[in-house]
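Make the complex out of the two chains shown on their own, each in a separate frame, by following the hints.
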Amino acid sequence: MAEPSIPIIEIRNVTKTFQLQGQTIHALTDASLSIRKGEFVTLIGASGCGKSTLLRIIAGFEKPSAGEALMWGKPICEPEPQRGMVFQDYALFPWLSVRDNIAFGPTARGVPKAQARKTVERFVDMVGLGRFADAYPHQLSGGMRQRVAIARVLANDAEVVLMDEPFGALDAMTRERLQEELLDIWAKTNLTVVFVTHAIEEAIFLADRVVVMTPGPGRIESDNPMALARPRDIASPEFNDVRRALAGKLHSHHGRKAA
Amino acid sequence: MALADTPQQRLADMHAPSPWLARLKPLGLALIVPGLLLLFWHLATARRWTRLIPTPYETAEYMVDFVFGGIYNDAFSATAHIHLLASMSRVYGGFGLAMLAALPLGLLIGRIPLARLTLDPFFQLMRPIPVTAWLPLSMILFGLGARSAFALVFLGAFFPILLNTIFGVKNVDPKLFEAASMLGCKGNAQFFRVVLPAALPSIFTGLRLGLGLAWFVIVVGEMTGVPQGLGAVIMDGRTLSRTELVICGMIIIGVAGFVSDRIVVAIGNHLLRWSPNHHG
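In the order they appear, the protein sequences are chains S and H. Residue 51 in my numbering is what sits at position 47 of the first sequence, and the numbering runs on without skipping anything. Residue 188 in my numbering is what sits at position 176 of the second sequence, and the numbering runs on without skipping anything.
Just chain H, same shape as in the assembly (with noise of 0.2 angstroms):
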């Protein structure tokens, strides 16, 4: 879109209510709160009521050096993109594959009575254990490194994705089936043509919960011998008091996390758009 270039269109914009102002209003507000935050931290590293933690100046000035390079060039210059990637392939290749078992298993679950009475008291049973806590159980299992973590991000994800997908089947209007074979589609084919619709909201609900949650598990499987990925450039800036390299690794997760949610919201809404309440 062309943008208001010259000094008449720029008053022209600033006076009639345009849309413009309409999309900038909600961007305004939602910045105050993170703005207050930096200036708090601007506060209280500037007055030194904290020794500990860099100003913000600093940690951007880090920032830049651990994106792009050129100013300190130690160890961690120039290489952002490369834990990045290292974090992204095993937060979305966990996630994939908690996706590719547990929306099968959840819709076996939710439709086959004798499927649900053998498996669902077992994953009630799973649920409750913490992701964390199956830490060392999985450094033996997988051993210490990406494996272990990519295992940990599978197990975060799987049952947000499984228990939304039980619940979005079992709970199809039982009319739209009634519907649904007076109308001629009966037995299987009701499961393409109703079942798996009617349970798109869940489960999209379901891989939304996943996903935030696969991020949020990839530090912690990040942390224990992973020479690659954000969790363990945190582990690292830990163990130099590197605090700087700390907080840039937590943008960057932050950031990365918020993409991929925001990501999957419009695919929803794109795909949920008949919903009259689906639209995050």
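With the rest of the complex left out, here is chain S (with noise of 0.2 angstroms):
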């Protein structure tokens, strides 16, 4: 076990600029962020503000062009299951079913069988896909194959799960329950969880902190902890002055570039 002073994930003034066609691009720039354990950090901004670009830092997919993105304090290399990711578009397998998606971690890390079996039939209750385990990817709905992406990740042990517009694809419904769904595997489990969401009202629904991103280049604008008392309503006055109050950040870039 780690001490618990030192931050589960700690980025440290991390530049990423990309050449494309000639050209350098900022995606993001002198960004700092350290997240404890347990904390639920949602990244909202604009497209073109770096919020994915950092999530795939963390995740291990990009490596930083300066700057460092520490786990535990040890910098990270490259994916790892520790570090579970949720993407917008699934990425499921589409040959294995519900069980067989979940299993997949858990069997390429060489977990022996009965154990693997047990963990999974875990998860898979646990996302209420218990109905639908032998059902392939196509068939089920986006609200559902997103449980699937879920559970492969809790399955597989992840300590941080990573989440890159996980809802985004969803009808507004369908959002809302794993919205609940979700805060209610956090409060049940130790997750810490990095959300990315262009959606304000996601944002401040479920995070600790909101981290505000604005782009040209992509930065971290403000870092806002969300005082609001759990379960949160959409509908409450407070909810409201949060959303203003934050909308005001997101849009501040607009004022200085005019200027």
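It is worth saying that the hints were derived from the structure and are not from the lab. There could be a bad hint or two in this list.
[To be verified] Heads up, simulated DSSO-like pairs for lysine-lysine below, C-alpha to C-alpha not over 30 angstroms straight-line:
1) S:LYS41 with S:LYS122
2) H:LYS37 with S:LYS117
3) H:LYS187 with S:LYS41
4) S:LYS122 with S:LYS192
5) H:LYS187 with S:LYS117
6) S:LYS253 with S:LYS41
7) S:LYS41 with S:LYS67
8) H:LYS187 with H:LYS198
9) S:LYS67 with H:LYS182
10) S:LYS122 with H:LYS198
11) H:LYS198 with S:LYS41
12) H:LYS187 with S:LYS122
13) S:LYS67 with H:LYS187
14) S:LYS78 with H:LYS198
15) H:LYS187 with S:LYS78
[Stated by the list, open to error] Computed far set for chain S versus chain H, every beta-carbon distance over 10 angstroms:
16) ARG16
17) GLU43
18) GLY64
19) SER69
20) GLU125
21) LEU133
22) GLU163
23) GLY172
Quick caveat, the model's predicted, so the values are computed rather than measured. Using N, Cα and C, we set each Cβ at its ideal position, and we do this for glycine too.
Shown next, in the form of structure tokens:
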């Protein structure tokens, strides 16, 4: 066990540039962020603000051009099971049933069969897919597919769950249900969640902290702790105040650009 | 399944929209065009629009003799199975060999850039050459006879399998590699757990095309100095002016090719039941 004083994820002055048709694109400039174990952090911003790039750096899919990304104080060099990713377009294995998709991680890591089976059944039930355990991904709705993607990461002992606009492609009702279920799972487990979204309400509803990012070049604008008591009521005046304040920060760069 | 045997049952079957009726409908629709063709053939021969082609009845009679014997009792009576087996062994032998060569090559070219740069241009250059154009060369290389036919079948089946395998391997959704690696499946392990299953639909398309082409090529391959085989029968029929023999050979090749295609499709549908867009 690491000491509780060390953040589970730490981003130190990370810059990420891409080369695109001879031009240098600054996807992320001098970003610093530290996340403690068990926190639920949302990254919010318009497209091009670098929120997905930051998430992919934490996942280990991308390397910082400058600065460093650490987990428990050690540099992140490659994707690893303890940081599970939930993609917007699910990225389930279409040739595997729900059960086998969830079993993919444990099997790949050589977890003994009996133990893997028990873990898989537990998470199939946790995301409410017991009746569909033998179905293939193309037979499921978008919401059900995303539940499989979440269960797949949890069954693989992820400590940090990275979510890249996971509910962006779902209808409003399904999205609300999944948000609540996600909070439920988060409360029951000791998970740390980093959640990218472009919807302000979603960011406030879910997070302990909302990190606002702005584009051109992509950077972290502000880090906002959410004091609202859970469960949160989207219709309450307090919620609305927070939303208005965040919307102001989110659009602040427009003023800066015009000036 | 117990079929309707009593009149009552038969009546019930006719009135209730039974699953049997639902299954007979596509069959009936599929038989319309062949039926019309048969009718046209019958009219064309019965009314003597042509005198060179035997009537359907004569052909059917000859087919019975060709398969079972006992009607004409000539050199071809009751020999259909010999020719069919000879052709099948070349078709499946050549196809199997093509599969053994094309699958690993395709996986290699699709996965490893160095292999792609070295081999892909060569195969792209060879591909447009029709298999039939290889006939003289394969006769020189492999001699007159079965080996030459075998070589042509191999060539015919090789390219569709190779190209579709390369396509399938190259077009795996990159997200699936990311998903696999964050779940702890890395490097070479991804080959069996991601690349191969993801490429399977394409590979099956290639196998199906390859087997179809193998049946296509076998006739050409057996036209030169092969004593047995359906292609040889058709060539013999031509030289002996026995058109009914030619037609019988054609029908047997058609049926054999159809049956082997259905078998591949059935295997594919079972293995690819996870795929929403793969139902042949």
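Here is what the structure says about each hint:
1. S:LYS41 with S:LYS122: Satisfied, since the Cα-Cα distance of roughly 26 angstroms is no more than 30 angstroms.
2. H:LYS37 with S:LYS117: violated (48 angstroms)
3. H:LYS187 with S:LYS41: holds (27 angstroms)
4. S:LYS122 with S:LYS192: holds (18 angstroms)
5. H:LYS187 with S:LYS117: With Cα atoms ~27 angstroms apart, LYS187 (chain H) and LYS117 (chain S) stay inside 30 angstroms; holds.
6. S:LYS253 with S:LYS41: Roughly 26 angstroms between the alpha carbons, so the hint for LYS253 (chain S) and LYS41 (chain S) holds.
7. S:LYS41 with S:LYS67: Within the cut-off at roughly 23 angstroms; holds.
8. H:LYS187 with H:LYS198: Roughly 14 angstroms separates the two Cα atoms, so the pair holds.
9. S:LYS67 with H:LYS182: At roughly 25 angstroms apart (the allowed maximum being 30 angstroms), LYS182 (chain H) and LYS67 (chain S) satisfy the hint.
10. S:LYS122 with H:LYS198: Distance of about 24 angstroms is within 30 angstroms: holds.
11. H:LYS198 with S:LYS41: Roughly 27 angstroms between the alpha carbons, so the hint for LYS198 (chain H) and LYS41 (chain S) holds.
12. H:LYS187 with S:LYS122: With Cα atoms ~27 angstroms apart, LYS187 (chain H) and LYS122 (chain S) stay inside 30 angstroms; holds.
13. S:LYS67 with H:LYS187: holds (17 angstroms)
14. S:LYS78 with H:LYS198: holds (20 angstroms)
15. H:LYS187 with S:LYS78: holds (26 angstroms)
16. ARG16: holds (22 angstroms)
17. GLU43: Fine: 20 angstroms to the nearest Cβ keeps GLU43 (chain S) off the interface.
18. GLY64: violated (8 angstroms)
19. SER69: holds (20 angstroms)
20. GLU125: holds (18 angstroms)
21. LEU133: At about 16 angstroms from chain H, LEU133 (chain S) clears the 10 angstroms cut-off, so the statement holds.
22. GLU163: holds (13 angstroms)
23. GLY172: holds (15 angstroms)
Hint compliance for this structure: hints 2, 18 are broken, all remaining hints hold.
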